[in-house]
Amino acid sequence: MILKLKNKIPKNEAKVREYVFKKAVNFIENGPYQVVDKIIIKSFLVPDTEHERVDIEIQKGIAFTND
Amino acid sequence: MKGKQEYSKNVFFWHNIITNLLLPEKIEFEDYIATDDGFGNKFYDGNPIYNFKIDRLNKGIRIIQQEPEQSSIHLSARISEIELTDGKKLDELVINLELTIESFFIVIDLINAWILNDFTKFRMKRYIETVKHLKTQVSDLQETEII
Numbered sequence: 001m002i003l004k005l006k007n008k009i010p011k012n013e014a015k016v017r018e019y020v021f022k023k024a025v026n027f028i029e030n031g032p033y034q035v036v037d038k039i040i041i042k043s044f045l046v047p048d049t050e051h052e053r054v055d056i057e058i059q060k061g062i063a064f065t066n067d
Numbered sequence: 068m069k070g071k072q073e074y075s076k077n078v079f080f081w082h083n084i085i086t087n088l089l090l091p092e093k094i095e096f097e098d099y100i101a102t103d104d105g106f107g108n109k110f111y112d113g114n115p116i117y118n119f120k121i122d123r124l125n126k127g128i129r130i131i132q133q134e135p136e137q138s139s140i141h142l143s144a145r146i147s148e149i150e151l152t153d154g155k156k157l158d159e160l161v162i163n164l165e166l167t168i169e170s171f172f173i174v175i176d177l178i179n180a181w182i183l184n185d186f187t188k189f190r191m192k193r194y195i196e197t198v199k200h201l202k203t204q205v206s207d208l209q210e211t212e213i214i
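Protein chains in written order, with our numbering: chain A, 1 to 67; chain B, 68 to 214.
For the record, the hints were derived by calculation from the structure and aren't laboratory data.
All residues carry an ideal CB built from backbone N, CA and C; glycine is no exception.
Possibly wrong hints are sitting among the right ones.
[As the list claims (entries may be wrong)] Here are the simulated lysine-lysine pairs, DSS-like style, with alpha carbons at most 30 Å apart:
1) Lys22/A / Lys76/B
2) Lys23/A / Lys109/B
3) Lys76/B / Lys8/A
4) Lys11/A / Lys38/A
[Claimed, not checked] Chain B residues, not near chain A, derived (Cβ > 10 Å throughout):
5) Glu73
6) Ile85
7) Ile100
8) Asp104
9) Phe172
10) Thr187
11) Phe189
12) Ser206
Throw the hints in and build the complete structure from the sequences for me.
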């Protein structure tokens, strides 16, 4: 899923986010996650930048299971 | 965050600050982002370290506390819109910070503008830019030893 997203954005944008893509993958691999009554959000900001980031939002259900 | 104890201390720190800011103004708030994986395992990651929303204003604040070694930029802020579990949209002020005395007081100022003064999204975006600009100016003055 993350790889698909990474391939969708311009190469230079993906390169800037390389480090935080890894963090996002790490978060996904530590799943599953279940939304009970509050959303789950993780924002991974590229170090030394103000806005370049990768966000993961889970609004409903169970996400990132191995099934 | 380095350990559960440090995480808890930081959560308590922010809860105390937000409570002291909002309760005298009779502003009720509650959290809207889960701090665990939904199966009882807490994240302990500071992402976010604290979050709260005010239903009356349809606004929220998400404070993400970075690990200290990560960045030379100690504070950044942005306005965003997110969808909650009930499908409602919420305007949120997202703050990324490394906790220092300086960043702490800037956060207080941003919360003041966004919540207590109820700035619009447009005005808040402009204000964030102004604060950023002033911060750079002050940093330059420090380098030239004027202050």
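Hint by hint, here is what the structure shows:
{"no.": "1", "hint": "Lys22/A / Lys76/B", "in the structure": "holds (28 Å)"}
{"no.": "2", "hint": "Lys23/A / Lys109/B", "in the structure": "holds (17 Å)"}
{"no.": "3", "hint": "Lys76/B / Lys8/A", "in the structure": "violated (40 Å)"}
{"no.": "4", "hint": "Lys11/A / Lys38/A", "in the structure": "violated (34 Å)"}
{"no.": "5", "hint": "Glu73", "in the structure": "holds (19 Å)"}
{"no.": "6", "hint": "Ile85", "in the structure": "holds (17 Å)"}
{"no.": "7", "hint": "Ile100", "in the structure": "violated (5 Å)"}
{"no.": "8", "hint": "Asp104", "in the structure": "violated (5 Å)"}
{"no.": "9", "hint": "Phe172", "in the structure": "holds (19 Å)"}
{"no.": "10", "hint": "Thr187", "in the structure": "holds (20 Å)"}
{"no.": "11", "hint": "Phe189", "in the structure": "holds (17 Å)"}
{"no.": "12", "hint": "Ser206", "in the structure": "holds (14 Å)"}
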